[in-house]
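Asks: With the hints as your guide, set chain B with the ligands onto chain A.
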Amino acid sequence: MKIDITKKLEQLKKDGRKILGCFPLYPPLELFYAMDLVPVVLWGLRGSVPDTAESDRLLQNYTCSVARHLTEFVLSEDSGLLDGLFMYNACDTLRNLPEIIEKGLEKNGRSLPLIKVHIPMVLPAQTDASAYFKNEIHHLVKELEERFDVSFSKDKFVEAVKKFKHVRNLMVRAENRVTQGRLSFLNFADAIHECWFSTVEEQIRILESLIEGLSGEVEFSTDNNTRHGVILSGILPPPTSVINAIESSGLRVVGNDIASLGRSYACMPEISEDPGAYFLDFYYQHFPCPTLLYTGDRRTTSLFGLMEKTGASGVIFVGEKFCEYEYFEFPHLVQQLKDKGIQTLEIEIAIEDDAQTSAHDSRISAFAELLKSNA
Amino acid sequence: MPEKVKTEKVKTSAGRHLSKVVGDAYMDLHAKAAQGAFVVWIAINVPAELFLGFENVVYGVPESHAALNAAKGVGVLQCEKAERLGYSMDLCSYARIDIGSVSDGGKDSPTFGLPKPHLLVSDNNNCSLLVKWFDVHHRRIGVPHFVIDVPFCYEPQKEKDRKYIIQQFKDLIRTIEEMSGQKFDMDKALAAVSNTSEGIRHWKRFLSFAEHQPSGITAFDSFVQMAPFLVARGTSQFVDHYKLLTDETEQRVTEGIFPVPDEKYRLFWDNIAPWHQLRNMSGGLAKFGANIVGATYTLCIGTVEGSFDLFDYDGGDALEYCARTQNCYICPHGMKLRGKSMQTVVEKLNIDGIVFASNRSCKPYSVTQLDQQKLMTDQFGVPSVMIDVDHADARKYSEESTFTRLEALLEQIEAKRAA
Ligand code: SF4
Ligand code: SF4
Numbered sequence: 001m002k003i004d005i006t007k008k009l010e011q012l013k014k015d016g017r018k019i020l021g022c023f024p025l026y027p028p029l030e031l032f033y034a035m036d037l038v039p040v041v042l043w044g045l046r047g048s049v050p051d052t053a054e055s056d057r058l059l060q061n062y063t064c065s066v067a068r069h070l071t072e073f074v075l076s077e078d079s080g081l082l083d084g085l086f087m088y089n090a091c092d093t094l095r096n097l098p099e100i101i102e103k104g105l106e107k108n109g110r111s112l113p114l115i116k117v118h119i120p121m122v123l124p125a126q127t128d129a130s131a132y133f134k135n136e137i138h139h140l141v142k143e144l145e146e147r148f149d150v151s152f153s154k155d156k157f158v159e160a161v162k163k164f165k166h167v168r169n170l171m172v173r174a175e176n177r178v179t180q181g182r183l184s185f186l187n188f189a190d191a192i193h194e195c196w197f198s199t200v201e202e203q204i205r206i207l208e209s210l211i212e213g214l215s216g217e218v219e220f221s222t223d224n225n226t227r228h229g230v231i232l233s234g235i236l237p238p239p240t241s242v243i244n245a246i247e248s249s250g251l252r253v254v255g256n257d258i259a260s261l262g263r264s265y266a267c268m269p270e271i272s273e274d275p276g277a278y279f280l281d282f283y284y285q286h287f288p289c290p291t292l293l294y295t296g297d298r299r300t301t302s303l304f305g306l307m308e309k310t311g312a313s314g315v316i317f318v319g320e321k322f323c324e325y326e327y328f329e330f331p332h333l334v335q336q337l338k339d340k341g342i343q344t345l346e347i348e349i350a351i352e353d354d355a356q357t358s359a360h361d362s363r364i365s366a367f368a369e370l371l372k373s374n375a
Numbered sequence: 001m002p003e004k005v006k007t008e009k010v011k012t013s014a015g016r017h018l019s020k021v022v023g024d025a026y027m028d029l030h031a032k033a034a035q036g037a038f039v040v041w042i043a044i045n046v047p048a049e050l051f052l053g054f055e056n057v058v059y060g061v062p063e064s065h066a067a068l069n070a071a072k073g074v075g076v077l078q079c080e081k082a083e084r085l086g087y088s089m090d091l092c093s094y095a096r097i098d099i100g101s102v103s104d105g106g107k108d109s110p111t112f113g114l115p116k117p118h119l120l121v122s123d124n125n126n127c128s129l130l131v132k133w134f135d136v137h138h139r140r141i142g143v144p145h146f147v148i149d150v151p152f153c154y155e156p157q158k159e160k161d162r163k164y165i166i167q168q169f170k171d172l173i174r175t176i177e178e179m180s181g182q183k184f185d186m187d188k189a190l191a192a193v194s195n196t197s198e199g200i201r202h203w204k205r206f207l208s209f210a211e212h213q214p215s216g217i218t219a220f221d222s223f224v225q226m227a228p229f230l231v232a233r234g235t236s237q238f239v240d241h242y243k244l245l246t247d248e249t250e251q252r253v254t255e256g257i258f259p260v261p262d263e264k265y266r267l268f269w270d271n272i273a274p275w276h277q278l279r280n281m282s283g284g285l286a287k288f289g290a291n292i293v294g295a296t297y298t299l300c301i302g303t304v305e306g307s308f309d310l311f312d313y314d315g316g317d318a319l320e321y322c323a324r325t326q327n328c329y330i331c332p333h334g335m336k337l338r339g340k341s342m343q344t345v346v347e348k349l350n351i352d353g354i355v356f357a358s359n360r361s362c363k364p365y366s367v368t369q370l371d372q373q374k375l376m377t378d379q380f381g382v383p384s385v386m387i388d389v390d391h392a393d394a395r396k397y398s399e400e401s402t403f404t405r406l407e408a409l410l411e412q413i414e415a416k417r418a419a
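Just so you know, the protein sequences line up as chains A and B, in that order. Residue numbers for the first sequence follow this note's numbering, so the first one is 1 and each next one is one higher. Residue numbers for the second sequence follow this note's numbering, so the first one is 1 and each next one is one higher.
What the hints contain is simulated information worked out from the structure, not anything from laboratory work. Note that the structure is predicted; figures quoted are calculated from it, not measured. Careful: at least some of the hints might be erroneous.
The calculated PhoX-like cross-link candidates involving lysine-lysine, where the alpha carbons are at most 25 Å apart (straight line), are [to be verified]:
id: 1; chain 1: A; residue 1: Lys321; chain 2: A; residue 2: Lys309
id: 2; chain 1: A; residue 1: Lys107; chain 2: B; residue 2: Lys158
id: 3; chain 1: B; residue 1: Lys340; chain 2: A; residue 2: Lys116
id: 4; chain 1: A; residue 1: Lys142; chain 2: B; residue 2: Lys160
id: 5; chain 1: A; residue 1: Lys156; chain 2: A; residue 2: Lys14
id: 6; chain 1: A; residue 1: Lys18; chain 2: A; residue 2: Lys163
id: 7; chain 1: A; residue 1: Lys134; chain 2: B; residue 2: Lys170
id: 8; chain 1: A; residue 1: Lys321; chain 2: B; residue 2: Lys81
id: 9; chain 1: A; residue 1: Lys338; chain 2: B; residue 2: Lys336
id: 10; chain 1: B; residue 1: Lys340; chain 2: B; residue 2: Lys158
id: 11; chain 1: B; residue 1: Lys81; chain 2: A; residue 2: Lys134
id: 12; chain 1: B; residue 1: Lys243; chain 2: A; residue 2: Lys103
id: 13; chain 1: A; residue 1: Lys116; chain 2: A; residue 2: Lys134
id: 14; chain 1: B; residue 1: Lys160; chain 2: A; residue 2: Lys321
id: 15; chain 1: B; residue 1: Lys163; chain 2: A; residue 2: Lys116
id: 16; chain 1: B; residue 1: Lys160; chain 2: A; residue 2: Lys116
id: 17; chain 1: B; residue 1: Lys160; chain 2: A; residue 2: Lys107
id: 18; chain 1: B; residue 1: Lys374; chain 2: A; residue 2: Lys134
id: 19; chain 1: A; residue 1: Lys156; chain 2: A; residue 2: Lys13
id: 20; chain 1: A; residue 1: Lys134; chain 2: B; residue 2: Lys163
id: 21; chain 1: A; residue 1: Lys162; chain 2: A; residue 2: Lys134
id: 22; chain 1: A; residue 1: Lys8; chain 2: A; residue 2: Lys165
id: 23; chain 1: A; residue 1: Lys142; chain 2: B; residue 2: Lys374
id: 24; chain 1: B; residue 1: Lys170; chain 2: B; residue 2: Lys160
id: 25; chain 1: B; residue 1: Lys243; chain 2: B; residue 2: Lys264
id: 26; chain 1: B; residue 1: Lys158; chain 2: A; residue 2: Lys116
id: 27; chain 1: A; residue 1: Lys142; chain 2: A; residue 2: Lys154
id: 28; chain 1: B; residue 1: Lys107; chain 2: B; residue 2: Lys20
id: 29; chain 1: B; residue 1: Lys204; chain 2: A; residue 2: Lys103
id: 30; chain 1: B; residue 1: Lys348; chain 2: B; residue 2: Lys374
id: 31; chain 1: B; residue 1: Lys107; chain 2: A; residue 2: Lys103
id: 32; chain 1: A; residue 1: Lys142; chain 2: B; residue 2: Lys348
id: 33; chain 1: A; residue 1: Lys107; chain 2: B; residue 2: Lys374
id: 34; chain 1: B; residue 1: Lys116; chain 2: A; residue 2: Lys116
id: 35; chain 1: A; residue 1: Lys134; chain 2: A; residue 2: Lys103
id: 36; chain 1: A; residue 1: Lys13; chain 2: A; residue 2: Lys116
id: 37; chain 1: B; residue 1: Lys336; chain 2: B; residue 2: Lys160
id: 38; chain 1: B; residue 1: Lys158; chain 2: A; residue 2: Lys103
This is chain A alone, in the form it adopts within the complex (with noise of 0.2 Å):
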């Protein structure tokens, strides 16, 4: 990933921001940014931090690469550009952080403030968690006014609201353009993660560009018609490097499954003055993701719908190693996909592949090739 994020931080400390770090996956932004907060999702952290010796002395070396690099990041990261921490229960990994963090970071003599809300993972048509879920996001909002100084109103929020809402839809025409052959996923992938790092001006002004042509060429204009496309499914987008194999063996992703990509930007929940009602519709609609348990039944007709609307052909699943999230679905979802007559491919990203990839190569190559003799 090219931009560099500590840059990006600075210039908002700059700016007099407050810069709120959240875990991933899907964090309430609005009402942070409604309450003048920056959101930043630390997620895509590979390229921000050298190693991972700090989160090493910290975290088993069996956990992700998404939580050792978040650690990393957080505990390195001496310079004050975070204001506060806010996670939410997405993982089993990611709810043991907050305090091996806070323990990190009382070595080093810092602190910082932490909050933590449950999002319930019932089944709606098996428990009504709504009253639960309303009363942890009114008393989000109280804890954040009293944290950060900072106040709630509805104004705001809807302003916010409508301008996440203007940003997702920014992401799926951008998308869009990703499936015609006119983006390229990469450069695509790219601006999706300078977002997480932005304010939503910014994002905005991301996307438009990018949209409108002025940073994202059009890659292979010339043979789009003869690449198979290709979906990617997984947590994080797989790294350059991958991706270039992905391109250079005759293939063109065509659309994503990805969580820090369309699994964010393809909900646009109903425009609301009430966080409490506006962030039920928004985790109860979500993109299916293995890691809002209620979703589980209706993965697999996403991932149909992802294949109808772009015309791909082939899926390849970008498994993050030790994410069980991700992996126990895999089985049924290739079968499923193979059951119609889509091939898959399985790679497994590590974080020793942060200096390797080319393990991928010859896989990717033979996924190819078997997309094409079966066209």
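Replies: Leaving out everything else, chain B with the ligands in the frame of chain A:
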């Protein structure tokens, strides 16, 4: 060390009774299922007492069944079946064993698997991935899956969370009523909770024999003796079994019969039991005069987060009690609470050293262990060691390197004593 010290290798009455309780429970489960009972598969922490509130609802616990497979030496065989279906070796080994066993109808299982369920009930308090695991069955078997969502505790459980859990228990009861056509009887559930609670009181007394020096028990005994919690909770057999176990242990202590009579090192275990190594590990340690006398895994039963003391049932609202104890196991609560209970018990049991079993299969148990180890060793001065052991997949265990580390721990203890 007392003079009148004897050891005894024969199977105790409680050992024989345990085999009977477990054998009967599985046979009963299969028989009732064959006669048309409503079958539920539940996660370990789902309060089984609720099912006893129904006339004809039976339950099986896939985690417990997986542990049994591992203890009987077929864990790897079952894991490999799941791996052939595409399930990664990095996934929890309980899940792989269970998925493997279900894939061929329980062919190699010591209990012939579990009878086909009508409903799956998982919860995410120990781990959320268990919900993903039960989802695998939900899709393959095609039965509904009820998810109980238990908020993680960084601090003692909050009332708002308890109410939320109770609401879900009520929804679960309603779901079973609708699906099975049976009526729930709260009095029966209350009686079941009372039985469990009485059994737990005996259990706690049984564990307290670890305070004796030499210890009256090993943690390995207690691991094995956990089985009735998974197959017979809420029943009178449950109470009888733990009474027998405790009385017999007391008798043995009185008579000076100890599992490691020449006990030189009193150790403590942190993580799930290494099911495939119980005999080897206890025997290997005993040769050095070392005994693992206690474990977080067994001590947390019947408590609430942050303490290993008994949290007794007061005879009141059964759902309230079940909800209050939902975070008692180690995984559903945070590092500070874990540290608090461990520190207290280490002092109480006069522990010389701690074995942190880093378990790749169970990240929720293991992920905080590096900090936990620092806390216990650097802050409280208790020597410790980190070993690698998967609780149910023997392929991810090396006896040689484990014992090298365990011996290093004993040396650390000696060095501390000499200092
Ligand atoms: S990649 Fe998976 S395991 Fe890692 S933080 Fe994300 S959801 Fe959790
Ligand atoms: S990961 Fe741990 S808590 Fe979860 S099912 Fe496996 S052994 Fe149990």
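Asks: Could you run down the list of hints and mark each one as holding or not?
Replies: Evaluation of the provided hints:
no., hint, result
1, Lys321(A) / Lys309(A), "violated, 29 Å"
2, Lys107(A) / Lys158(B), "violated, 29 Å"
3, Lys340(B) / Lys116(A), "holds, 21 Å"
4, Lys142(A) / Lys160(B), "holds, 16 Å"
5, Lys156(A) / Lys14(A), "holds, 23 Å"
6, Lys18(A) / Lys163(A), "holds, 19 Å"
7, Lys134(A) / Lys170(B), "holds, 20 Å"
8, Lys321(A) / Lys81(B), "holds, 21 Å"
9, Lys338(A) / Lys336(B), "violated, 47 Å"
10, Lys340(B) / Lys158(B), "holds, 18 Å"
11, Lys81(B) / Lys134(A), "violated, 44 Å"
12, Lys243(B) / Lys103(A), "violated, 43 Å"
13, Lys116(A) / Lys134(A), "holds, 14 Å"
14, Lys160(B) / Lys321(A), "violated, 36 Å"
15, Lys163(B) / Lys116(A), "holds, 19 Å"
16, Lys160(B) / Lys116(A), "holds, 15 Å"
17, Lys160(B) / Lys107(A), "violated, 33 Å"
18, Lys374(B) / Lys134(A), "violated, 39 Å"
19, Lys156(A) / Lys13(A), "holds, 21 Å"
20, Lys134(A) / Lys163(B), "holds, 14 Å"
21, Lys162(A) / Lys134(A), "holds, 21 Å"
22, Lys8(A) / Lys165(A), "holds, 23 Å"
23, Lys142(A) / Lys374(B), "violated, 35 Å"
24, Lys170(B) / Lys160(B), "holds, 16 Å"
25, Lys243(B) / Lys264(B), "violated, 29 Å"
26, Lys158(B) / Lys116(A), "holds, 14 Å"
27, Lys142(A) / Lys154(A), "holds, 14 Å"
28, Lys107(B) / Lys20(B), "holds, 22 Å"
29, Lys204(B) / Lys103(A), "violated, 32 Å"
30, Lys348(B) / Lys374(B), "holds, 20 Å"
31, Lys107(B) / Lys103(A), "violated, 48 Å"
32, Lys142(A) / Lys348(B), "violated, 42 Å"
33, Lys107(A) / Lys374(B), "holds, 12 Å"
34, Lys116(B) / Lys116(A), "violated, 39 Å"
35, Lys134(A) / Lys103(A), "violated, 31 Å"
36, Lys13(A) / Lys116(A), "holds, 23 Å"
37, Lys336(B) / Lys160(B), "holds, 21 Å"
38, Lys158(B) / Lys103(A), "holds, 23 Å"
The earlier numbered hints that this structure contradicts are 1, 2, 9, 11, 12, 14, 17, 18, 23, 25, 29, 31, 32, 34 and 35.
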